[in-house]
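These are the residues of each chain, in order.
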Amino acid sequence: MTYISQPSAPEVPVPEPVSPARQAWRMFRAHHAAMAGLAFLGFICLVSIVGPYLYTVSPRDMVWAPFTPPGASQYILGTDYLGRDLLAGLINGGRITITVGLTAALIAVTIGVTVGAFAGFFGGQVDNILMRITEFFQVLPYLLFAMVVVMLFSPTIINISIAIGIVSWTDMARLTRGEFMRVREMDYVKAERSIGARNAWLIWAVILPNAAPPLIVVAALAIGNAILFEAGLSFLGLSDPNTMSWGRMIGDNRPFILDNSWGVTLPGTIIFLTVLAVSLVGDGLNDALNPKLRHR
Amino acid sequence: MSTRLLSVRDLGITFLTDDGEIEVLRDVSFELNSGEVLGIVGESGCGKSMTALALIGLIPKPFGRISNGRILLEGEDLAVASEKRLRQVRGNDISMVFQEPMTSLNPVFTVGHQISETLRAHFDMSSRETWSRAIEMLKLVGIPSPEKRANEYPHQLSGGMRQRVMIAIALVCEPKLLIADEPTTALDVTVQAEILQLFRELQEKTGTAIILITHDIGVVAEMADRVMVMYAGKVVETGTARDFVYDPMHPYTHGLISCVPKLVHNPSYDPAPLLEIPGVVPSLRELKRTGCPFAPRCKNEIDKCRSAEPSLAEIADDHAVACWNRMETAW
Amino acid sequence: MSDETILEVKDLKVHFPLRNGAVVHAVDGVSFELKNGMAFGLVGESGSGKSTTALACARLVKATAGEIFLKGTNILDLDGEDMRQMRRFTQIIFQDPYASLNPRERAGAIVGRPLDLMRVGKPQERRKRVAELFEIVGLRPEQQELFPHQFSGGQRQRIGIARALATQPELVICDEPVSALDVAIQAQILNLLNRLKKDFGLTYLFISHDLAIVQYICDVIAVMYLGQIIEIGTKSELYGNPLHPYTNALISAVPSVENLGKADKGHVRLRGEPPSPISPPVGCRFAGRCSFALDSCKKSAPRLTRIKGEHMVACHRINSDGKLV
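Protein chains in written order, with our numbering: chain A, 433 to 728; chain B, 20 to 350; chain C, -15 to 309.
To be clear, the hints were calculated from the coordinates, so they are not data collected in a lab.
All values derive from a computational prediction rather than experimental measurement.
Where a beta carbon is used, it is the ideal one built from N, C-alpha and C, also for glycine.
Treat the hints with care, as some may be off.
As the list claims (entries may be wrong) - Just the calculated beta-carbon pair ranges, DEER-fashion:
no., chain 1, residue 1, chain 2, residue 2, range
1, A, Leu584, C, Met70, 53 to 63 Å
2, B, Val99, C, Pro259, 52 to 62 Å
3, A, Trp636, C, Ser30, 33 to 43 Å
4, A, Leu705, B, Ser146, 37 to 47 Å
5, A, Gln570, C, Ser275, 50 to 60 Å
6, B, Gly39, A, Leu705, 31 to 41 Å
7, C, Ser263, A, Val580, 47 to 57 Å
8, C, Met70, A, Asn631, 17 to 27 Å
9, C, Ser263, A, Leu584, 56 to 66 Å
10, B, Tyr172, A, Pro449, 42 to 52 Å
11, A, Glu617, B, Pro290, 51 to 61 Å
12, A, Gly556, C, Val252, 40 to 50 Å
For reference, chain A alone in the conformation it holds in the complex (with noise of 0.2 Å):
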């Protein structure tokens, strides 16, 4: 076999490969207000793990005066009704919430990605038939649907993840079949088409890794809006009797919310800066991740 003498410059170095993934990591550590939600969410990541080893009261024992305010007692953030520390019920209920919250946002995610990667791969019958199932779906009353799941099935951790994943793929499904086509046309599907790539290969090696960047940002804010609604079914009592959650706080502490407020704060403003941390870090993902949106 013959060479061609090249006409390239050889003296100019050859740079670093920057993977897209790199590129997009630079962008997300520039973004500062997704940083600290970042920040924020390992916090409550590693509290959820560790807390319960290291802070060894139980959450639902009553272990002090009911509705001692924080700072009264040996229990620094008080204790509710019940005389239950709500340090305890923090760290404790976290461990449930962010469990459900990141399970039911996978369970979604799945399902989702799954019916909008065939819909839009597939096209025609196929589309036809998955977008019908998911429009079904999609009417349903959400909370009622779920409600009804969980209080046919017993409310375990996994029952109420389900419930939640299962009315809550919809939106994933829509946005994974769009990209799907958009991708679907590019040259670069053509090319491995050309080459004899199988179906299997080209959608989940070739077109989902392209198609990702917008369904991460989703994901990301689907972990969010399960922990959201987690604590509403939690706090309609619709959550695991064994089980504390920040969302049955809520609802434990509701009627007394006069006397005591504290035992509905805290809780709440804990799911209020966790669902905003998500939030910024989602906003933090479609900036890195399309950066051409950037600057406006």
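Fit chains B and C to the given chain A structure using the hints.
For chains B and C alone, coordinates are given in the frame of chain A:
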């Protein structure tokens, strides 16, 4: 004879980026008489479109700004004009036609409406007057049955028709200067021929001066009276279209002309390999500030090119080149 | 050029049904033949069906009717693994180098993909081959680790070319390979394509709207109008003696430096716009815009008729001697 319409002197534009301020345009100077067609050529990233945007005061703010120089339109300096004044100038004295006729028309209004709107923005006219003027304009740019077409929406028209509508909008206020940024690049070659012909006819009829930005050497040759070649934000050669085609002095100009295959009618034509300009246009961030920016790609490079930057020097009447070692006998 | 036929397309039709029941006749009865080592140009304006024809030859769009013989096998009859195996003989170079490379893969992986898919050789051999391909197209093997966004447009197109050459295909379909590139870069890529053709004995099916580029690259050229070939001939036949009125208009519309300051003169003007491919006219499809058309042109469609040598034209007004009657 013809009067001086536009005079740009030492125009400089800087952009604020993550890496600090970079100069996207440096020492750009040129003159334009009324009724004249000036072609601006160069590869993308050479500052052609930025020059055009500067003229109509549309440099993307807040990142870009005019850092130096003057833009004199009939003696008035547009570089320091207020936003309000620039709005009056745009459409009225200077108007612009862009490359993509699909995205520069508003899809929710009829084309007749869009032409009359432009008129209403600048003159105190009744809607009956503006509408009949709009139909006149559509007729002028060669759109068949203009009364019917005026009531149609952009998506109902073909690409060539849309570009004609854009030209109608640009010309409806009878501007003194029309800036056309790659006006035919998105069009088919037969449609391009018609649009160019239309430009020529309208220009002869109305006496509008045209700045034509293009990368197509053939289009420049057919359309322009004078040509300005830009490279890395600088003017490297200016001259008449004849000079440009038959006597290019800058190695970049020479390269641009000879790197394009030309259509030959001779049946026994056996093409020789095209002349290549090696490498790519330097990114303005990486541009070294010493020496000629074109030196790394230049076949005529001498030692001096790396140490000192040449400036535009007049070598003949109306022909100026920025080069230390210019092409002696071009062809 | 040898006499072996690489690709033969017979009466190819590609029709796209629309939602409202209408049918777009994108390609409507196209036949041509590519000999080994030849560069065959398909020119036409947007909507002429040239790209669709090319994609059909790579089985990337579904042909409605007709036959496509690749090295003697009708690929429209193949499916599954048989078709996959045939794909190594045909590769495509795409128009837009910013859309044709997967932004999340490294340049080396992109070029090596066809080898991995076809399981050519051992992994080490593939790596060696990729490095070799980088050198062949004028890139440096050290650049394999970089991602597409780290290359310029011209370099990206070189990566696309390297990928197309990976499986040592015999037929390379070039779909407007330089029209998205800057003028100075176009020359680099065109020269590279010409060198590769010579060095590896490639056969090109070259799609372009630019008549000057087609003349520079191609040996035989077919002009398409509204889904049909209206004239076909060798380079010297077609450019030296264009017969069809549309070919004439097309050639004369190309702006040239020889036409200095004369944009308003010297071009053949076409009337109106091309008819819709949804309901193409019964007779000659160009008749409505042709200044030579007679009433009879609108009634029956002209057939592609051989004039001399390779030169064929589909026009009622051209007689068998190639004269206008």
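Structure-based check of each hint:
| no. | hint | result |
| --- | --- | --- |
| 1 | A:Leu584 / C:Met70: 53 to 63 Å | holds, 55 Å |
| 2 | B:Val99 / C:Pro259: 52 to 62 Å | holds, 54 Å |
| 3 | A:Trp636 / C:Ser30: 33 to 43 Å | holds, 35 Å |
| 4 | A:Leu705 / B:Ser146: 37 to 47 Å | violated, 56 Å |
| 5 | A:Gln570 / C:Ser275: 50 to 60 Å | holds, 58 Å |
| 6 | B:Gly39 / A:Leu705: 31 to 41 Å | holds, 37 Å |
| 7 | C:Ser263 / A:Val580: 47 to 57 Å | holds, 55 Å |
| 8 | C:Met70 / A:Asn631: 17 to 27 Å | holds, 18 Å |
| 9 | C:Ser263 / A:Leu584: 56 to 66 Å | holds, 58 Å |
| 10 | B:Tyr172 / A:Pro449: 42 to 52 Å | holds, 48 Å |
| 11 | A:Glu617 / B:Pro290: 51 to 61 Å | violated, 35 Å |
| 12 | A:Gly556 / C:Val252: 40 to 50 Å | holds, 44 Å |
In summary, the numbered hints that this structure violates are 4, 11.
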